[in-house]
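Undergrad: In order, the protein sequence lines correspond to chains A, B and C. For the first sequence, position 33 (counting from the first letter as 1) is numbered 33 according to our numbering, and the numbering increases by one without interruption. For the second sequence, position 164 (counting from the first letter as 1) is numbered 164 according to our numbering, and the numbering increases by one without interruption. For the third sequence, position 370 (counting from the first letter as 1) is numbered 370 according to our numbering, and the numbering increases by one without interruption.
No wet-lab data here; the hints were simulated from the structure. Be aware that one or more of the hints could be misleading.
As the list claims (entries may be wrong) - Only pairs whose alpha carbons sit at most 30 Å apart, straight line, appear in this in silico DSS-like list of lysine-lysine:
{"hint": "1", "chain 1": "B", "residue 1": "Lys139", "chain 2": "B", "residue 2": "Lys280"}
{"hint": "2", "chain 1": "B", "residue 1": "Lys141", "chain 2": "C", "residue 2": "Lys448"}
{"hint": "3", "chain 1": "A", "residue 1": "Lys15", "chain 2": "B", "residue 2": "Lys370"}
{"hint": "4", "chain 1": "A", "residue 1": "Lys25", "chain 2": "A", "residue 2": "Lys8"}
{"hint": "5", "chain 1": "C", "residue 1": "Lys76", "chain 2": "A", "residue 2": "Lys134"}
{"hint": "6", "chain 1": "C", "residue 1": "Lys257", "chain 2": "B", "residue 2": "Lys370"}
{"hint": "7", "chain 1": "C", "residue 1": "Lys139", "chain 2": "C", "residue 2": "Lys448"}
{"hint": "8", "chain 1": "C", "residue 1": "Lys448", "chain 2": "B", "residue 2": "Lys139"}
{"hint": "9", "chain 1": "C", "residue 1": "Lys69", "chain 2": "B", "residue 2": "Lys31"}
As the list claims (entries may be wrong) - Reference listing, derived: stretches of chain C covered by chain B, where coverage requires no fewer than 3 residues with Cβ under 8 Å from a Cβ of chain B:
{"hint": "10", "segment": "147-154"}
{"hint": "11", "segment": "192-205"}
{"hint": "12", "segment": "261-273"}
{"hint": "13", "segment": "279-285"}
Glycine included, C-beta positions come from ideal geometry on N, C-alpha and C.
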Amino acid sequence: MSSTPILKIDGLYAKVVDQDISILKGLDLELQQGEIHAIMGPNGSGKSTLAKVLAGHPGYEATAGEVIYRGEPILEMDPEERACAGVFLAFQYPVEIPGVSIANFLRTALQARLEGDDEVDLFDFQDELIERMKLLDMDPSFAERPINDGFSGGEKKRNEILQMAVLRPSLALMDETDSGLDIDALKIVANGVNKLREEDPEMTVLLITHYQRILNYINPDKVHVMVDGKIVQSGGPEVALELEDQGYSDWKEI
Amino acid sequence: MSLESAVLKKLGQGAPEWLCRRREHAWNVYKNTPLPTTQSEEWRYTDLSQIVDLESLKFLLPGDVDLNGSLPEILEGVLNENRTASGSSFLVDGLTTNIDSEASLSAQGVIFTSLRSAVEDYSDLLEEHLAVEALPPEKGKFEALNAAFWTDGVLLYVPRGVNIKLPFRTVNYLSHAGSAVCTRTLIIAEAGSQVSYVEEIISEDFDEITLASSSLEVIAKEGAQVQFVSIQQSGHGVFCQSAQRTLAHRDSILNTLNVGLGGSVSRVDLNSQLLGSGAKSDMLGIYFGDQNQCFDHNTSQDHVASNSGSDLLYKGALDGSSRAAFRGIIRVHPGAQGTDAYQTNRNLLLSDNARADSLPNLEIEADDVKCSHGATIGQLDKEALFYLLSRGLSRQQAERLVVLGFLGDVMSRLPLGDVVDEVTQAIEQKLLTHA
Amino acid sequence: MPENELIQNLDLDEYKYGFIDQETHVFRTRPGLDEDIVRQISERKEEPQWMLDFRLKALRTYEAKPMPKWGGDLSKLEETLEEIYFYVKPQDQMERSWDDVPENIKNTFERLGIPEAEQKVLAGVGAQYESEMVYHSLKDEWESQGVIFDSIEDGLKNHPELFREHFATVIPPADNKFSALNSAVWSGGSFVYIPRGVHLETPLQAYFRVNQERMGQFERTLIIVEEGAQAHYIEGCTAPVYSTDSFHSGVIEIVLKRDSRFRYTTIQNWSNNMYNLVTQRALVNENATMEWLDGNLGSKLTMKYPSCYLMGEGAHGSIMSIAYASDGQHQDTGGKVVHAAPNTTSSIVSKSISKGHGRSSYRGLCKVYEGSTNARSNVECDALLINDTSRTDTYPYIEIEEKRSTVGHEATVSKVGDEQLFYLKSRGMSEEEAMALIVRGFIEPIAKELPLEYAVELNRLIELEMEGSVG
Numbered sequence: 001m002s003s004t005p006i007l008k009i010d011g012l013y014a015k016v017v018d019q020d021i022s023i024l025k026g027l028d029l030e031l032q033q034g035e036i037h038a039i040m041g042p043n044g045s046g047k048s049t050l051a052k053v054l055a056g057h058p059g060y061e062a063t064a065g066e067v068i069y070r071g072e073p074i075l076e077m078d079p080e081e082r083a084c085a086g087v088f089l090a091f092q093y094p095v096e097i098p099g100v101s102i103a104n105f106l107r108t109a110l111q112a113r114l115e116g117d118d119e120v121d122l123f124d125f126q127d128e129l130i131e132r133m134k135l136l137d138m139d140p141s142f143a144e145r146p147i148n149d150g151f152s153g154g155e156k157k158r159n160e161i162l163q164m165a166v167l168r169p170s171l172a173l174m175d176e177t178d179s180g181l182d183i184d185a186l187k188i189v190a191n192g193v194n195k196l197r198e199e200d201p202e203m204t205v206l207l208i209t210h211y212q213r214i215l216n217y218i219n220p221d222k223v224h225v226m227v228d229g230k231i232v233q234s235g236g237p238e239v240a241l242e243l244e245d246q247g248y249s250d251w252k253e254i
Numbered sequence: 001m002s003l004e005s006a007v008l009k010k011l012g013q014g015a016p017e018w019l020c021r022r023r024e025h026a027w028n029v030y031k032n033t034p035l036p037t038t039q040s041e042e043w044r045y046t047d048l049s050q051i052v053d054l055e056s057l058k059f060l061l062p063g064d065v066d067l068n069g070s071l072p073e074i075l076e077g078v079l080n081e082n083r084t085a086s087g088s089s090f091l092v093d094g095l096t097t098n099i100d101s102e103a104s105l106s107a108q109g110v111i112f113t114s115l116r117s118a119v120e121d122y123s124d125l126l127e128e129h130l131a132v133e134a135l136p137p138e139k140g141k142f143e144a145l146n147a148a149f150w151t152d153g154v155l156l157y158v159p160r161g162v163n164i165k166l167p168f169r170t171v172n173y174l175s176h177a178g179s180a181v182c183t184r185t186l187i188i189a190e191a192g193s194q195v196s197y198v199e200e201i202i203s204e205d206f207d208e209i210t211l212a213s214s215s216l217e218v219i220a221k222e223g224a225q226v227q228f229v230s231i232q233q234s235g236h237g238v239f240c241q242s243a244q245r246t247l248a249h250r251d252s253i254l255n256t257l258n259v260g261l262g263g264s265v266s267r268v269d270l271n272s273q274l275l276g277s278g279a280k281s282d283m284l285g286i287y288f289g290d291q292n293q294c295f296d297h298n299t300s301q302d303h304v305a306s307n308s309g310s311d312l313l314y315k316g317a318l319d320g321s322s323r324a325a326f327r328g329i330i331r332v333h334p335g336a337q338g339t340d341a342y343q344t345n346r347n348l349l350l351s352d353n354a355r356a357d358s359l360p361n362l363e364i365e366a367d368d369v370k371c372s373h374g375a376t377i378g379q380l381d382k383e384a385l386f387y388l389l390s391r392g393l394s395r396q397q398a399e400r401l402v403v404l405g406f407l408g409d410v411m412s413r414l415p416l417g418d419v420v421d422e423v424t425q426a427i428e429q430k431l432l433t434h435a
Numbered sequence: 001m002p003e004n005e006l007i008q009n010l011d012l013d014e015y016k017y018g019f020i021d022q023e024t025h026v027f028r029t030r031p032g033l034d035e036d037i038v039r040q041i042s043e044r045k046e047e048p049q050w051m052l053d054f055r056l057k058a059l060r061t062y063e064a065k066p067m068p069k070w071g072g073d074l075s076k077l078e079e080t081l082e083e084i085y086f087y088v089k090p091q092d093q094m095e096r097s098w099d100d101v102p103e104n105i106k107n108t109f110e111r112l113g114i115p116e117a118e119q120k121v122l123a124g125v126g127a128q129y130e131s132e133m134v135y136h137s138l139k140d141e142w143e144s145q146g147v148i149f150d151s152i153e154d155g156l157k158n159h160p161e162l163f164r165e166h167f168a169t170v171i172p173p174a175d176n177k178f179s180a181l182n183s184a185v186w187s188g189g190s191f192v193y194i195p196r197g198v199h200l201e202t203p204l205q206a207y208f209r210v211n212q213e214r215m216g217q218f219e220r221t222l223i224i225v226e227e228g229a230q231a232h233y234i235e236g237c238t239a240p241v242y243s244t245d246s247f248h249s250g251v252i253e254i255v256l257k258r259d260s261r262f263r264y265t266t267i268q269n270w271s272n273n274m275y276n277l278v279t280q281r282a283l284v285n286e287n288a289t290m291e292w293l294d295g296n297l298g299s300k301l302t303m304k305y306p307s308c309y310l311m312g313e314g315a316h317g318s319i320m321s322i323a324y325a326s327d328g329q330h331q332d333t334g335g336k337v338v339h340a341a342p343n344t345t346s347s348i349v350s351k352s353i354s355k356g357h358g359r360s361s362y363r364g365l366c367k368v369y370e371g372s373t374n375a376r377s378n379v380e381c382d383a384l385l386i387n388d389t390s391r392t393d394t395y396p397y398i399e400i401e402e403k404r405s406t407v408g409h410e411a412t413v414s415k416v417g418d419e420q421l422f423y424l425k426s427r428g429m430s431e432e433e434a435m436a437l438i439v440r441g442f443i444e445p446i447a448k449e450l451p452l453e454y455a456v457e458l459n460r461l462i463e464l465e466m467e468g469s470v471g
C-alpha cells in the first residue's frame, strides 16, 4: 500500500453558486507528494472548475464528496487558510490590481503566513525576492510594477510563477497556465516550474491543460483525461500522446 | 389671453371632471412654485428672468387659431416631402390640424390620435396616465404650467406584442409671435411592443419671445422597445421648453435623441427612470448653436432597479456667441446593484465668443456598479483639419466636415435610417447657412 | 478623572489622537458670537484699528450671508455655533523653545511626535493649541536667509506693511460665509515669507490641536512666495473625541510670485465630531507652480476645495486629494482651478473611498476665462465603494469661455472586485488584509507624493479603518 496521498479527491460534485447544474460529477483523484499530474480535457469538461473549487473560489460550491489535503478536509476552509497551508493556484486569468507593486504584495502574502507578532524582515525579503527572480531569469525591476496592471499575457503568467517561487507551496495547481502563450513564453514558464521542482522535489504539481504541448517541457508522472466532470482515463505520459493523435473526439461519445 | 383661471375654464369646457380637477390642481401648483432662478442648481446657467415673462405671454386657445383652411408654406413643404411613416400629425399653434395613420395598425389596436379627441375617446387611459405617472405638475414650474394649460398633443398607444417598423411623426408648428403654446405627448408601449416616434418643432422667426412648451411622457412596459426623437428647428425668438420623462420597466429598451438646432433659447429637462431590472436607456443629444442661441440640457438617469443600464452621449458645437449648458446626473439608488451607467458630454467651441458649461454629476448609493462620466470642451481637431486641407478642401469645407463628423458620431448609435438622414441634412443645412 | 483613565475609556483603535488634556487656558470668551466678542479678540491681540474695522465689517458680512444649502448637512451647525467658544487663549505668550511651552501642552505635542519630527526632517515647526500658536521656530540657516515663519499675529506686529499688502487679497471676507466668519474672529495660524530665490529643502510644518470641548478654531495663514523661491508647507490636525460638536474654519491665502513653486500638504485627521469648513486658495503668477496635496480622513463633515487662480501666463496648478469617509462622515472635497491667463495648465486628481455609511463627494470647478488661450485642464476622479451602504457623488463644474483651450473630466466609480479579493486570498491574505492592500493600491498615485512618514501613517490609518469593514 502506498503512503498517504497529499491530495485525495473523492466523489466530488460541484456547481456554480446560484445555478443548479453540476459541473463536477463524481470526480476522484489522488496525488502522492512530489508527483506531477496532468489533467487534460476538452473545453467545458470542468477542468478550471476543479482548480477553483480546490482553491476555494466563492463562486463555486462543492455539493458532495470530499477533498482531503494532507489528511485534512479542506472544502470548509477559507481560500486564505488553504493558501497558508501550502495550496497555490496559478490563475488562468490573473487579476489586475492597480497601484499595488508585486514586491509589496508578496511581502504582505508572506507576512500573512507568519504567526503573532513575527514580521517579515524587509532586507531578508528583498534578498530572497532578487534571488527568486534570478532563478527565473527575471529583471528585478519587474517586482516594482503593479500586479498584472498592463501586463502582456506572458508577463501575467510569469508573474504567477514568480509568486509560486516566493511562496513555495506544497501543492501547486496550474490552471491552463500554458493557454495563450507562444512557444517562447511557454518554455520560460515551463522552465520556471522545472527549476522550482529541482529545488524542491517534494512540491506536488497538478497541471491543468487543454493541450499536450506543455507536457513536452514538463514531464508528468501521471496523465488523467477529464470529460464531463469526471476522470475517464488515467495512465502514464503515453495517454497524452494518444490524445495528441486522436484528439478528444473519442470521448465525446461517452 | 393671459394666464388666469378664465383660461382654465375655457379649456375645461365639455371636458371630463377628472381633467378639470387635474388642470385646476396644476394651476395651483404653478402659482405656488416660484420661477426658478440661477440660484437653483438646475437653472444655474439659464436666467429665466432675462428670457421670458410668463405673465405677459398670450396663451392661445382653441378658437384663437384660424388657418382659413390653408396650411402655411413651411408646412406644405413638409407635407410634400412624402415621408415614410406609420402615421403623421400636424399641430399648428398647439392644435391638431391633420392626423392619420395606417389603417392596418388601428385594426391591431394601435391608437394614434390627438390628445383633444383622446379626452373624449380614451378618457380612462388618459386619466390613468396623463400628467400623473411620469410628469405630475409637482416636477416643476413649467411642468405645472403645461399640465394646467395644454391645448392639444398626441396620444400613442401600442398594444401588447405589436411591432411597428416605421416611425410615427408629428410636426409642431408655431406662427403667433409673443404667444405661449403648451402641448403634450403621451406614449404608452405595452409589454413586448416596439415603436418609434419622431417630433419636429418648426416656426417662423419672431421679434417677440414666443414660448413652445412641451411635455413628453413615455411608458415602456416589460420588454417593450421605444425610440423617441425630437428635432427642434424653430425660428428666432422661440423659447423651446421641453420636459421629458421616460419610465422603463423590466427588460425594456427606451432610447431618446434630442436634436437642438433652432430657437433662441432651448431648454430640455430629460429624466430617464430605470424602474425594472434589465431595463436599458440610451440617451443621445446633438446641439449646434450660432449667433446668440442658448442650449440648456438638464438630464438625469435614475437607476432604481438592479441590473439596469443607461448610456448618455450629448455632443454640441458652438459658433458665434452661442452658449450651451449641460447638467447631467446619474443617480444609483440604494439596492440598484449591477447598474451600468455612463454619461458623456462633449463640446466643440468654434468661435471666440462661444461658451460651454458642463456639469456631469454622479450620486451613487449602491456598491456593485459600473459608472463613469466624462466631459470635454475643446476646439476643432487641428490634425484632422490639416489633413483635410492638405487634400485640397477649403478651410470652411474642412471645418464643416469635422463638425459634421463630430456630431454625426452620435447618430451612428441610432438605428433609424430615414430620420438619421434628415437630421444629418438639417445639420448640414445649418452649417451651410450660418454666419 | 486622571488622564490615563480617560484615555482608556476612548476607543483608541479607531482614533488614536482622541485623548483629552486637562483644560487650561488663561482666557476665553463666553460661548457664542457677537460684536463684543470680536472686539475682545482684537483687544487681546493689541491690534491696529484697521484690523478691528476689518473684523467688524466681516462680522456683518457673515451675519448677512445665508447658510449654504449645498455641500454637506449644515442644518445643526447654527445651534452648534451658538454654544461654542470662539476664542480660547491657552497661555500668555508664544514660545520659541519647547522647554518653555507649558508641560501639559508640550506633552500633547510630544505624544503627537512633533518635537521629534522637527529635529529630524523639518525646516521649521509651528504648533497651535486652541486659538493661539504656542510654539514657533525656524532653523537658523533659513532665518539667516530671510525666511519668515511666524505666528500670524507676529506677522502683523513685526511686518505690518508686508502683511497689509497681502492680507485678505486672495480670499476677501465676502468670498463665502465661512471666510467672512474667519475674517471676523481669526486667531492663530502662520505667517510665511520665502524671499526671492530661496529654496527650502525640508518642509515647514504647522500642527493644529483643539483640546477644549465645544471649541471653534479659526486659524488664518498667509504665505508669500517671492520670485523663484520654493518651499513645502505641511499641516496636520487632530482633536479629542467629545460627544458635542466642534468647529474648525481656517482661511489659507498663498501668493506665488513669478517662477516660484509651492506645495501645501494637509493631513486632516480631526475627530468625528468636528465640522471642518476651510477656504484655501493660491494666486499663481507667471510660470509659478502651486500644488495642493489634500488628505481628508477625519471630521464629521469637511467642506474644502483648495483652489488655484492661475493669473499669470504659464502658471500651473495641481490639486491631488484623497478622501476617506466611514460611518458618520461626509467628506465634501475637491478643488477649483481658474484659468485667467494664456498657456496656463492645471490638473486635479481625486481619489475617494467610502466605507460603511460614509459618504464622499467630489465637488470641483474648472473655469477658463476668455483670453486664456491654450489653457489646458484635466480632471480625474475615482471613487471606491467598500460596502453597499456607502455613497459617493461627483459634482464637477466646467465653465469654458475660451475656444482655444482644452478641458477634460473623467470619473469612475468602482467597488472592490470579488475576483481581486479571491486572488489575494488565494495567496494567503485575510479578507481585511486583502481589502487594505487594494485600498492602498487605489490611493497609491497620491500617497507616493507624501513625505515618507506621512505615507506610512496614512497606510496605517487605512489598515485600522479597514478592520471590521467586511462582513
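Undergrad: If a hint holds in the structure, say so; if it doesn't, say that too.
TA: Outcome of the hint check:
1. Between the alpha carbons of Lys139 (chain B) and Lys280 (chain B) the distance comes to roughly 23 Å, so the proposed pair stays at or under 30 Å and holds.
2. Restraint check for Lys141 (chain B) and Lys448 (chain C): the C-alpha separation of about 50 Å exceeds 30 Å, so the hint is violated.
3. This hinted pair checks out: Lys15 (chain A) and Lys370 (chain B) have alpha carbons roughly 27 Å apart, not beyond 30 Å.
4. Under the criterion of a C-alpha separation no larger than 30 Å, the hint pairing Lys25 (chain A) with Lys8 (chain A) is consistent with the structure, at around 16 Å.
5. For the hint linking Lys76 (chain C) to Lys134 (chain A), the alpha-carbon distance of about 62 Å lies beyond 30 Å, and the restraint is violated.
6. Distance restraint check for Lys257 (chain C) and Lys370 (chain B): the Cα-Cα separation of roughly 44 Å exceeds the 30 Å cut-off, and the hinted pair is therefore not satisfied.
7. For the suggested pair Lys139 (chain C) and Lys448 (chain C), the alpha carbons sit about 27 Å apart, so the restraint of at most 30 Å is met.
8. At most 30 Å may separate the alpha-carbon atoms for a hinted pair to count; Lys448 (chain C) and Lys139 (chain B) exceed this at roughly 47 Å.
9. For a cut-off of 30 Å, the pair hint linking Lys69 (chain C) to Lys31 (chain B) stands: about 24 Å separates their Cα positions.
10. Note: the segment 147-154 of chain C has 0 residues with beta-carbon separation from chain B under 8 Å; the three-residue rule is not met and the coverage is violated.
11. Given as covered by chain B, the segment 192-205 of chain C fails the check, having 0 residues with a CB less than 8 Å from a CB of that chain where 3 are the minimum.
12. Counting residues of the segment 261-273 of chain C whose CB falls under 8 Å from any CB of chain B gives 0; the rule of at least 3 is not met.
13. Coverage of a stretch by a chain is defined here by at least three residues with a beta carbon nearer than 8 Å to that chain's beta carbons; for the segment 279-285 of chain C and chain B the count is 0, and the condition is violated.
Comparing the model with each numbered hint stated earlier shows that hints 2, 5, 6, 8, 10, 11, 12, 13 do not hold.
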